[in-house]
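This is what each chain is made of:
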Amino acid sequence: MAKRSAPEVNAGSMADIAFLLLIFFLVTTTIETDSGITRKLPPIDDEQEDPPPLKEKNIFIVLVNANGDLLVEDEPMEFQNLREAAVTFLDNGGGTGDEACNYCQGPGLSDSSDNPVKAVISLQNDRRTEYGTYIAVQNELVAAYNQLRNREANRLYGVDFTEMEAVYNDPNYQGDKEELKERIKKIQELFPQKLSEAEPKR
Amino acid sequence: MSKFKKKGDGGTPAISTASLPDIVFMLLFFFMVVTVMRDSSLKVQNILPFADQVEKLDKKNLIMYIYAGKPSPRYQETYGTEARIQLNDKYAKISDIQQFIKEERQSKREELRDKLTTALKVDKATNMGLVSDIKQELRKAEALKINYTTKEGDAMLNLE
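Those sequence lines, one after another, are chains A and B. To convert, count from 1 in the first sequence and add 655; that's our numbering. To convert, count from 1 in the second sequence and add 1; that's our numbering.
Where hints are given, some of them may not hold.
Unchecked claim - Subject to a maximum C-alpha distance of 20 Å in a straight line, what follows is the list of computed PhoX-like cross-link-like pairs (lysine-lysine): (1) Lys116/B x Lys146/B; (2) Lys773/A x Lys832/A; (3) Lys116/B x Lys832/A; (4) Lys116/B x Lys695/A; (5) Lys832/A x Lys57/B; (6) Lys57/B x Lys836/A; (7) Lys712/A x Lys773/A; (8) Lys116/B x Lys836/A; (9) Lys61/B x Lys109/B; (10) Lys60/B x Lys152/B; (11) Lys695/A x Lys60/B; (12) Lys146/B x Lys57/B; (13) Lys61/B x Lys695/A; (14) Lys840/A x Lys146/B; (15) Lys57/B x Lys695/A; (16) Lys695/A x Lys103/B; (17) Lys94/B x Lys695/A; (18) Lys695/A x Lys141/B.
For the record, the hints were derived by calculation from the structure and aren't laboratory data. Predicted, not measured: the structure shown is a model, and the values here were computed from it.
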C-alpha cells in the first residue's frame, strides 16, 4: 500500500471567516459615552429644622420657566450671559470685617454676595421645563464654579482645579494622593458649591 | 559562465498573504475585547443633552442606569407618546424605582454598596416634572450620588 500523508487543510478561507467576524464586532461595538455632570442629592430630613437665616443679597435666584426662558435675580437674561453673571455674583466679595473675602476679585458691591462661602445659588424650574434646558443651566453654573476654582488653583498651586480632580480620580495615578486630596479640599473650601434646587412648581 | 544570473523571469513576485489571517485575527480580538454588549435594549428615545463640564464615570459595574424618555416609535402605538421610565429591560412606574435600587444594592458586594452611582440617561425633550419625580424617589431610596449622563459638546446646542 502506498503511504498516505494526511492531507493539508486549506487555510485560504480563514481570512474570510475572520473578516466576517471582524465586521460583525465592528458593527456591534458602541463606544459608550459615560460621562456627565455629577451631583449629590440632599438627603431627606424627617424633622424640619429651620434653615439658618440667609441674607437676601447672598442668594442668587435662577428661575427657568416652561418655555426655557431665564429669570435671574428678577431680570430676564440670555443663556450666554448666565455664566458671567454667576461668576460676578460669587466673586463679588462685598463683605466687611469677619465676612471679608481676601481672595475675591469682584467689584465688592454692597447688594451682591458677601463671600463665596456664604453665597448660595438657588435654581427653580417649572415641571414643564425641558430636560435639555435644565442641563444647560446646570452646566453653566458648574462652569462658573469651575472657572473660579481654576483661578484659585492656578494662583495657589499653578494647575487647573479640573485637572487636579481628573488626576485624583485616575486609578493609575502614582503620585501623592493625600496631598492632592488636601489641595482639592482647600480649593473646595474657598468656593464651596452651594447649589440649591427647589421643588419644581406645578 | 557569468556569475550574475538573471533573477527570475522579470515579473514581480506575488506578495505573500499568509500573514493576513494573523493581522485580521489581531484586529478581531481587539474589537472582541473592547466591545461592551448592551445589557438592556432601549425602549425609549434617548437623545442625550450636551454639556462640557463633565466628569468621566469609570467602574462600569458600580453604576445603575435609569432611562427616561418618550417610547421609541415602534412602541408608540401601544404606549402612547407620554415620557416613560425604563429600568433594565422594561417600562416601569415611578414607584418601582425604590425596589429597583434595593435589588441593585443587594446584587453588589457589601463594601461596594455605598459607592454606587445612579446614571440618569434622560432624553433631552423630557419634562423636568418626570426627572424631579425620579430624583425624589432616589432621595427616598437614599441613592444620593447621581450623574446626569450627557454627550460632550456645547451646552448651548440644547436650546435649539
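Consistency of the hints with the structure:
1. Lys116/B x Lys146/B: holds, 8 Å
2. Lys773/A x Lys832/A: violated, 29 Å
3. Lys116/B x Lys832/A: holds, 19 Å
4. Lys116/B x Lys695/A: Distance ~12 Å between Lys116/B and Lys695/A Cα, so the pair holds.
5. Lys832/A x Lys57/B: At roughly 19 Å apart (the allowed maximum being 20 Å), Lys57/B and Lys832/A satisfy the hint.
6. Lys57/B x Lys836/A: Holds, at roughly 18 Å.
7. Lys712/A x Lys773/A: holds, 10 Å
8. Lys116/B x Lys836/A: Measuring from Cα to Cα gives roughly 18 Å; hence the hint holds.
9. Lys61/B x Lys109/B: holds, 13 Å
10. Lys60/B x Lys152/B: holds, 18 Å
11. Lys695/A x Lys60/B: holds, 18 Å
12. Lys146/B x Lys57/B: Answer holds: Lys146/B to Lys57/B is near 14 Å, not above 20 Å.
13. Lys61/B x Lys695/A: holds, 19 Å
14. Lys840/A x Lys146/B: holds, 19 Å
15. Lys57/B x Lys695/A: Satisfied, since the Cα-Cα distance of roughly 15 Å is no more than 20 Å.
16. Lys695/A x Lys103/B: holds, 19 Å
17. Lys94/B x Lys695/A: Answer violated: Lys94/B to Lys695/A is near 23 Å, above 20 Å.
18. Lys695/A x Lys141/B: Holds, at about 14 Å.
Checked against the numbered hints above, the structure violates hints 2, 17; every other hint is satisfied.
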